[in-house]
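Based on these hints, arrange chain X on the given structure of chain H.
Residue-level listing of the chains:
2 protein chains.
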Amino acid sequence: MKEYYLQKAEANTPPLYYETVKNPKTVRIVADETDFLGYSAIPDDRDVSVTQKGDSFVLDFGRHCVGHLSFSVKDNGRYIDAPVRLKLKFGEVPYEIARDHATYHGRLSSSWLMEDVINIDRIGRIEMPRRYSFRYLEVTVVSTPRPTCLFDFEVVCETSADVGHLKPLPEGTDPELVAIDRVAATTLRDCMQSAYEDGPKRDRRLWSGDLRLQALTDQVLFENNMLARRCLYLFAACRRDGKYLPGCLYQYPEVTFDNGMEISDYSMLYCASIADYFDHTGDLETVRDLFPVVKNEIGVALDLLDENGILTHPEGGWLGFIDWAPGLQTVTGVHGAFLYGLERVIPLARALGETATVQGWERILSDARKAAKTYLYDEKKQAFVSRYDNFQFSVHSQVWMILGGVIDAEAGVRALKQSLESADSVKPVTPYMHHYLVEAMLKLGMKTEALAHIKQYWGAMVKYGADTFWEVFVDGDPEVSPYGDPAMHSFCHAWSCSPAYFIRKYFV
Amino acid sequence: MKEYYLQKAEANTPPLYYETVKNPKTVRIVADETDFLGYSAIPDDRDVSVTQKGDSFVLDFGRHCVGHLSFSVKDNGRYIDAPVRLKLKFGEVPYEIARDHATYHGRLSSSWLMEDVINIDRIGRIEMPRRYSFRYLEVTVVSTPRPTCLFDFEVVCETSADVGHLKPLPEGTDPELVAIDRVAATTLRDCMQSAYEDGPKRDRRLWSGDLRLQALTDQVLFENNMLARRCLYLFAACRRDGKYLPGCLYQYPEVTFDNGMEISDYSMLYCASIADYFDHTGDLETVRDLFPVVKNEIGVALDLLDENGILTHPEGGWLGFIDWAPGLQTVTGVHGAFLYGLERVIPLARALGETATVQGWERILSDARKAAKTYLYDEKKQAFVSRYDNFQFSVHSQVWMILGGVIDAEAGVRALKQSLESADSVKPVTPYMHHYLVEAMLKLGMKTEALAHIKQYWGAMVKYGADTFWEVFVDGDPEVSPYGDPAMHSFCHAWSCSPAYFIRKYFV
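Line by line, the protein sequences are chains H and X. The working numbering applies: residue 1 is where the first sequence begins, and numbers increase by one. The working numbering applies: residue 509 is where the second sequence begins, and numbers increase by one.
Watch out, some of these pointers could steer you wrong.
What the hints assert, rightly or not - Here are the simulated PhoX-like pairs of lysine-lysine, each with C-alpha atoms no more than 25 Å apart in a straight line:
#1 H/K53 to X/K595
#2 X/K516 to X/K582
#3 H/K74 to X/K510
Keep in mind the hints are simulated off the structure, nothing from the lab. Since this is a predicted model, take the numbers as computed values, not measurements.
The following block holds chain H by itself, in its conformation from the complex:
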């Protein structure tokens, strides 16, 4: 089947659309206490038409760009008789330009920090071969023998999103929502390449959990069903009997993945993605192709249910992701995601006429919900805890138990509110987790609270001037970083794009 899945993925490679962004303005990056990360770009009327050794300037392309940079180099009347050495430093946000990369102290490879030093042997048009993700570009003339003109900087942006397909929100829509929707759409656009990348700056790979939110949001924005299909097939090509799918995969130079990257909640969300795709397209053919993978994923989970009927750790893999909240215990969340996924795939089995499967899964779902209520709910607290690991109290556990259908709306509202208001509970850190929080609110009928949360959380990034939504955002705490250094953060991160989905589906 692997070859078949790869062929289908290949056949569904979407075309890329190109747009050229020209005439960047010069700006100065200045310390700014009001900015989340402490730096802003302010207009600057510097004349940078002729540069000398040691000169440096920052260009602002006016929008977030993912694509290829080019520019022209010429002499200023006297032939440049040595190579021109330039340092090019790219930033999605002003902070990345201000930040001295030499001080980077994170855990991930510093090679993700976007900069290149180039030597230009011949003047003319310079086409940078790498794809960059940025709005700001700092150009430093490391060395040149004579005055040097650097000009006509432009970026050929690329995306597999057809922006022409994007419908404006109805007239009269709350301007805050319009702004959030716009930033969300830009975020998704720039993560849509030959796959739904998690971040075009970093990691540039396809994660099943991220895919789920991107494909769902794409349904209300660009509707690239071909891309969604491709991504579903790409994961299918990585399927292994008796093991979860890898949580992420790489496309180049060939489709591959890391061992030990099984993530049970991501596997369940991959299954949910197939259901999302079917609900949107009615394409039963693709569902039929992918159903063996669904069965495998559910089967792996079933084998991991313990004597109480609670999902446990797969050997070697992660127990679950859920969120980057430090110290988060995930047993309860992961079990909820299992319930959530299982509920979503039953209709697929039904559509394919697999009656026995439907009946089996319905029974399991019911049992696993009861198990959750029995073993993961703290009656005294009237909320879910991570009873398998230190009784940790988190928003995450409430959210996933609600989404898993373990409790009714009234109890759900009580548990959720309690977790949000408690000083001792673990709170969401990533926009990804905030998505499921909003989804849980909507499921509970807390529409007002959901809307308020969208405005408060994603709206805050918009107020900080975000062009695209960030990978990690805890208002007031810019140092929170799963990687040990915010310089490593992706500031155009796909899992943050989903408010557009909520806005367009529930609030206009």
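Frame of chain H; chain X shown alone:
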């Protein structure tokens, strides 16, 4: 005429020959007092098949290479999930690898120091776009997330020299001369590109003085008459009425040159080059094309003769180059080069039937020789001095007065020996000037001394392990540098290739 000359230059662009150099060995660069520049490469059995962040190794390609580097990058079983950042540092000699570029303190642009930092986003075959000149390559893994295999390094070397045309020296030739000839031929080979470059590391341009020695030496090695013709036409395209030619020109992106780079001795040597070319090929057509340039150069010189009949400084340009010897006074040398050039172009005028020109030039040559004897010779010292500027005593002045035909052999030998033996005289610094010293010796019949000088001067570089001859060499004084730092030196420099000419013409 400019367009015509450019067309002829273009039509004479020689094909390049390619040779792939593979399987470099790893070496260690170690301090070595016996080496001229203080460092040697010694064999090293390190296993560099798998590298980690921070690793560094040096490859020795076993020969001097000018061309394009490529290599392969692959994971070691685990996908490399971040860009691989490598620093590549190139050296023609071990010293350049040992030398920390951050300590460079010379006057020329540091961008000439050959290094590149690259970010590899996808594993596979990496083809470096720049042309490098090197034998040694230091690879430093600046950043990689996981063990990384770097392998199959190779260089596609390029040259317009047809090495198949090179005849071996006769059996029984003195092995020292064989070795010097081999290094000279390698030097010339690697400087022969789309023009006779002065150095493929630096400056990569066409200088008329360097061209003269290269084209002359090429006659006895690869015999690329097409390349010689191209270079003569390239200079002709830069001709301006009433001004000397520029001393050097650039080919890319179009043929151009710097104002203020007129160098009178180089102009005369350009004229001598045309005579060399005619003597070797008998191609009167090309001589006819170029003769207007010759007349212009001679005319400019005549206008610069002062009331004593001695050549003076052209406005704005250099008085002359002669050599990089610090503080060298050039009046006498430049006047000698004028006599030398003028003597060589009279036969060209004769071949073209320009009788009046022949007669005029013969008279001027005779007068200018007399003027030199009268105004530049110190009777008391029995040698030439730079009487126009502080009576400086140099080997250079003797050499050029001898080559200019100002004194007879007996007086010439006396003057030359005196200058070579005196503790107070200025001595040659560059192999270029050493060429004219040997040429003067041969003119005086000092064949034994000439051979001894070739063995002693160029032979010393061979003993120091030179693969190619260096731009600057004063035995025992590695710090002598026209640029303030020997790191800037070109270690494969065309003007150093001429011993092959002497060996093949006079000593086998």
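Verification of the hints:
1. H/K53 to X/K595: The given pair, whose Cα atoms are some 22 Å apart, holds under the 25 Å limit.
2. X/K516 to X/K582: violated (47 Å)
3. H/K74 to X/K510: Status holds; Cα separation ~23 Å.
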